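Use these hints to put chain C onto chain H, whose structure you have.
Take a look at the letters that make up each chain.
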Amino acid sequence: GQQLNQSPQSMFIQEGEDVSMNCTSSSIFNTWLWYKQDPGEGPVLLIALYKAGELTSNGRLTAQFGITRKDSFLNISASIPSDVGIYFCAGRAQGGSEKLVFGKGTKLTVNP
Amino acid sequence: GAVVSQHPSWVICKSGTSVKIECRSLDFQATTMFWYRQFPKQSLMLMATSNEGSKATYEQGVEKDKFLINHASLTLSTLTVTSAHPEDSSFYICSASAANLDRTSPLHFGNGTRLTVT
Numbered sequence: 001g002q003q004l005n006q007s008p009q010s011m012f013i014q015e016g017e018d019v020s021m022n023c024t025s026s027s028i029f030n031t032w033l034w035y036k037q038d039p040g041e042g043p044v045l046l047i048a049l050y051k052a053g054e055l056t057s058n059g060r061l062t063a064q065f066g067i068t069r070k071d072s073f074l075n076i077s078a079s080i081p082s083d084v085g086i087y088f089c090a091g092r093a094q095g096g097s098e099k100l101v102f103g104k105g106t107k108l109t110v111n112p
Numbered sequence: 001g002a003v004v005s006q007h008p009s010w011v012i013c014k015s016g017t018s019v020k021i022e023c024r025s026l027d028f029q030a031t032t033m034f035w036y037r038q039f040p041k042q043s044l045m046l047m048a049t050s051n052e053g054s055k056a057t058y059e060q061g062v063e064k065d066k067f068l069i070n071h072a073s074l075t076l077s078t079l080t081v082t083s084a085h086p087e088d089s090s091f092y093i094c095s096a097s098a099a100n101l102d103r104t105s106p107l108h109f110g111n112g113t114r115l116t117v118t
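First to last, the sequence lines map onto chains H and C. Be aware that the first sequence starts at 1, since it is given in this note's numbering, and climbs by one per residue. Be aware that the second sequence starts at 1, since it is given in this note's numbering, and climbs by one per residue.
Bear in mind the hints are in silico, worked out from the structure with no lab data behind them. A quick note: this is a predicted structure, and the numbers were derived from the prediction, not measured. You may find that some hints are simply not true.
To be verified - No farther apart than 27 Å at their CA atoms in a straight line, the calculated lysine-lysine pairs in the DSS-like style are these:
1) C/66 x H/99
2) C/41 x H/107
3) H/99 x C/64
Next up, chain H with everything else stripped away, as it sits in the complex:
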């Protein structure tokens, strides 16, 4: 089945630094989604991408749908303490159902 490789697994940064994380897939995806999950809660949608090459921003967050349709990245600029959490990439494979495949997550820690 489809697999998503998300990296890095964890990051420890200082407040104010920029962050970048990415996901790659073994097959072509037609949708890429980025979620953030806080402890004990469900994932919250951050950015949705639908077209190859698409670059979308949501405040300090920017995500891109890779040209090959097999990858996506998420950047967070000027990190703040509340950015702490686990970030998941998720995608739908081309020709597939509505099912989402999830990456294993990137745990972000921001030191004040």
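Below, chain C alone, put in the same frame as chain H:
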């Protein structure tokens, strides 16, 4: 918009009992809802796809007789963990997408249910 409500947020039950978890789309209709399971420090694992008015589709390795899913309306899906055992303790999360959008519509998640079986 696109709010998904999950209830209860946590539940503790004794081994051998059954537990029902509800997932509701509050401001949209969802023909399809998904049930996930998440173990500590791990990603979300899809258990089953719940389709309104029809049988759920279970992922490989998920026992359909143990995890009963009912999607009786466009706004409600339920997951019942039957004869729960300690190994069923986990974080269960539902998600839904709006019925009037195509397959590219993003999934919105409930806040999850922490199940602890003693």
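Query raised in the report: Among all the numbered hints in the text so far, which are the ones the structure does not match?
Result: none
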